[in-house]
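Trainee: Here is how the chains run, residue by residue.
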Amino acid sequence: MTHTLGRPDFDIIAGWIEPGHRVLDLGCGDGTLLKHLIDTRGVHGVGVEIDDANILAAIKNGINVLQGNLEKGLDEFTDQSFDHVVLSRTLQTVRHTEGILREMLRVGREAVISFPNFAYWKNLRSVLDGRMPVSEDLPFQWYDSPNVRFFTLLDFEALCAQMGLIIRERHVLDEGGNMVGNSDERELNFLGSLAVYRLTQAR
Amino acid sequence: MPGQSVGVVTSQRAHFDQPLQLRSGGVLPAYDLVYETYGTLNAAKSNAILVCHALSGHHHVAGHYADAPGNIGWWDNIIGPGRPLDTDRYFIVGLNNPGGCHGSTGPSSVNPATGKPWGADFPIVAVSDWVEAQARLADRLGIDAWAAVIGGSLGGMQALRWTISQPERVRHAVIIASAPKLSAQNIAFNDVARQAILTDPDFHGGNYYEHNTRPVRGLRLARMLGHITYLSDDQMGEKFGRELRNGSFGFDFDVEFEVESYLRYQGDKFAGYFDANTYLLMTKALDYFDPARLDGGDLTKAMGRSNPNTGFLIASFTTDWRFTPARSKEIVAALLANNRNVSYAEIDLNFGHDSFLMDDAHYHGVVDAYLRNIKL
Numbered sequence: 001m002t003h004t005l006g007r008p009d010f011d012i013i014a015g016w017i018e019p020g021h022r023v024l025d026l027g028c029g030d031g032t033l034l035k036h037l038i039d040t041r042g043v044h045g046v047g048v049e050i051d052d053a054n055i056l057a058a059i060k061n062g063i064n065v066l067q068g069n070l071e072k073g074l075d076e077f078t079d080q081s082f083d084h085v086v087l088s089r090t091l092q093t094v095r096h097t098e099g100i101l102r103e104m105l106r107v108g109r110e111a112v113i114s115f116p117n118f119a120y121w122k123n124l125r126s127v128l129d130g131r132m133p134v135s136e137d138l139p140f141q142w143y144d145s146p147n148v149r150f151f152t153l154l155d156f157e158a159l160c161a162q163m164g165l166i167i168r169e170r171h172v173l174d175e176g177g178n179m180v181g182n183s184d185e186r187e188l189n190f191l192g193s194l195a196v197y198r199l200t201q202a203r
Numbered sequence: 204m205p206g207q208s209v210g211v212v213t214s215q216r217a218h219f220d221q222p223l224q225l226r227s228g229g230v231l232p233a234y235d236l237v238y239e240t241y242g243t244l245n246a247a248k249s250n251a252i253l254v255c256h257a258l259s260g261h262h263h264v265a266g267h268y269a270d271a272p273g274n275i276g277w278w279d280n281i282i283g284p285g286r287p288l289d290t291d292r293y294f295i296v297g298l299n300n301p302g303g304c305h306g307s308t309g310p311s312s313v314n315p316a317t318g319k320p321w322g323a324d325f326p327i328v329a330v331s332d333w334v335e336a337q338a339r340l341a342d343r344l345g346i347d348a349w350a351a352v353i354g355g356s357l358g359g360m361q362a363l364r365w366t367i368s369q370p371e372r373v374r375h376a377v378i379i380a381s382a383p384k385l386s387a388q389n390i391a392f393n394d395v396a397r398q399a400i401l402t403d404p405d406f407h408g409g410n411y412y413e414h415n416t417r418p419v420r421g422l423r424l425a426r427m428l429g430h431i432t433y434l435s436d437d438q439m440g441e442k443f444g445r446e447l448r449n450g451s452f453g454f455d456f457d458v459e460f461e462v463e464s465y466l467r468y469q470g471d472k473f474a475g476y477f478d479a480n481t482y483l484l485m486t487k488a489l490d491y492f493d494p495a496r497l498d499g500g501d502l503t504k505a506m507g508r509s510n511p512n513t514g515f516l517i518a519s520f521t522t523d524w525r526f527t528p529a530r531s532k533e534i535v536a537a538l539l540a541n542n543r544n545v546s547y548a549e550i551d552l553n554f555g556h557d558s559f560l561m562d563d564a565h566y567h568g569v570v571d572a573y574l575r576n577i578k579l
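Going down the list, the protein sequences come from chains W and L.
Note that our numbering numbers the first sequence so that position 35 is 35, with each residue one more than the last.
Note that our numbering numbers the second sequence so that position 88 is 291, with each residue one more than the last.
The set of hints was computed from the structure by calculation and includes no laboratory data.
Mixed in with the good hints, there may be bad ones.
Said to hold, decoys possible - DEER-style ranges, computed between Cβ atoms: (1) W/149 <-> L/490: 46 to 52 Å; (2) W/149 <-> L/575: 34 to 40 Å; (3) W/97 <-> L/447: 36 to 42 Å; (4) W/75 <-> L/561: 46 to 52 Å; (5) L/457 <-> W/141: 41 to 47 Å; (6) W/126 <-> L/561: 32 to 38 Å; (7) W/140 <-> L/441: 31 to 37 Å; (8) L/508 <-> W/19: 27 to 33 Å; (9) W/50 <-> L/390: 30 to 36 Å; (10) L/446 <-> W/97: 45 to 51 Å.
All residues carry an ideal CB built from backbone N, CA and C; glycine is no exception.
Produce the complete structure using the sequences and hints provided.
Mentor: What follows is the structure, given as C-alpha cells:
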C-alpha cells in the first residue's frame, strides 16, 4: 500500500481536514504535511519546529514555520485560532504531556495526534526477548532516541478520559501502515503499531 | 556562504524639493538622499529589495569603492551574486536616512535658510519619517512595491513600519534582531549615551560646528556603552577574558585589560567619523519607535493594518540581550493573531545583538531560503 509522502498517518490526518481550514502542525519537521495540505486542500498552515535544520527545510518548502519549544507551551497563539492542531509522531518526545494536550485544545478546535504504540506485539516481543524495540514506528536505538514517554493506546485513552478529552475518531495502523480492522480494545492495543486520534473537548 | 561580493560600487544622490512633514511636527523643506544600488531592476520592477540601516549604518551596504578598496559595505557578507540578497536576482537599494551623517541631509548639512549647519535646529526624525523618505526614493526609482524590505535592529523597525505605513508597497518584510518598541532598559542605555554627548563641553548645544570642535569625548563614551550592549557576555569573555595587555597589574588608570583597549579603540574610531547630533537623533528615533502607540498600545491592532498578502520573516538571536528573542516573538504573536504569513527563526549565534551582521551559514541560509521563495 502506498501512502501520501510515505506516511500512512498523513493520509488519515489529511482526510480530517477540510479546504480552507486553519492548521497548526506542532513538530512539523520540514513541513511536508503542511505543504501537502496547502497544495491539496488550500489550508492556511503554520508549523512549529525546534530543530535548526528543519526550520531551514520548512522555509525552503515555503511553509510558515516558527522556531519554538513545545515544552514551553504555545503562548504566541491565541485561543481557538486554529481548526486543527496536529501533533504527528511527536507526543512521545514531549515531557509535559498533559500541558501540550491542554495547549493544543486551547489554541485549536480539534487536536489530531499520532503516536507509536508501545504495546504493539513486536515491541512487546522485543522487550520479552530482552531488548528495547526498534521498529518502523519506533526507529531509534534506546541511547539515541528523542522519545521520553513510552505509552500505549490504552494508556493514552485513559489519560484522555482523566483529562475529559473526547475522542472523536481513532485509526490504528499496523507496521505496514494498513488499517487494523474491527478488533476489540485489547486486540487493537496488541496489533496496532501507530495510532491516530482526533480529539476535542467540551466547551 | 558561497557567493561573491558585488565588487566595485558607486553611490548616487537624489534631491527632493517636496517638503518632508515630520512626525515631530517639524519639516524638512528640502533634502538630499544618498543611496547605492546593486543588481538590475527587472522590466516588471518586481525584484527590488530595500535594505534599511541601523543606528550607525548608511547607504554603503555592500561592495567597495574603486578608489577605496578597503571601504567595504557594512552588510557586504549577505549581498552579491549567489548570496542571500542575490544581485543576480534582485535589485538592492540601500540609502542613508535623513538625519544621517554620511551624505544625506542631516544636522551637519547646511541649512539653506541660515547658510550654516543645521546643528541643534535639525528636527527630530522618526522611523515613520524615514519610511516616507524611502517611499519617495522608491517613487524616484520607479518601484511601486518592494519585493522585500529588510533590516536588522533599528533597520528591522523600519521594515516593520513599512508594513503598517505603506502596506501596499511591501510584499515581504525581513525583520532581524529587532523589537516592536524599546524597553525601559533600552531607553535607559540610550539616555546615558545621550547624556555623555549632551554634557560634553564641546557640544555647545549642538552647534559645535561653528566652534570648530566636536564632542568627541561624549560620542566616544556613548559608543563604548553602546558597544557593550551589542555583544554578549560569553563572547566578551571568550574574546578578552581578563587578559592584561602587559601581563601584570599596573595599579593605575591606563589601559590594562584587553577589553578596555578594545572598547577605547572602538570608541575612538567611531568618534573620529560619526556626527554626535546624528547619534542623538538615531537614539531618539529608537526611543520613540512604537507603531502600536496610535492603536492604544495594541500591537495586534497595529499589525492588522499590514497587507494580508505581505509575508514576514522574523529572526532573533539567542545571545542578543538588547533585543531578546522574546521581543521578536511579540511581533510574531501580533502577526499570528492577524493570520499573517509569518516565519520565525531563533538563531543560536554567540555574538549578541551584533549577530545580525555576522556571516553564519545557518543564519544566512534561512534568509536565503526565504528570499528565494519570493515570486518575482
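Trainee: Tell me the numbers of any earlier hints that the structure contravenes, in ascending order.
Mentor: 3, 4, 5, 6
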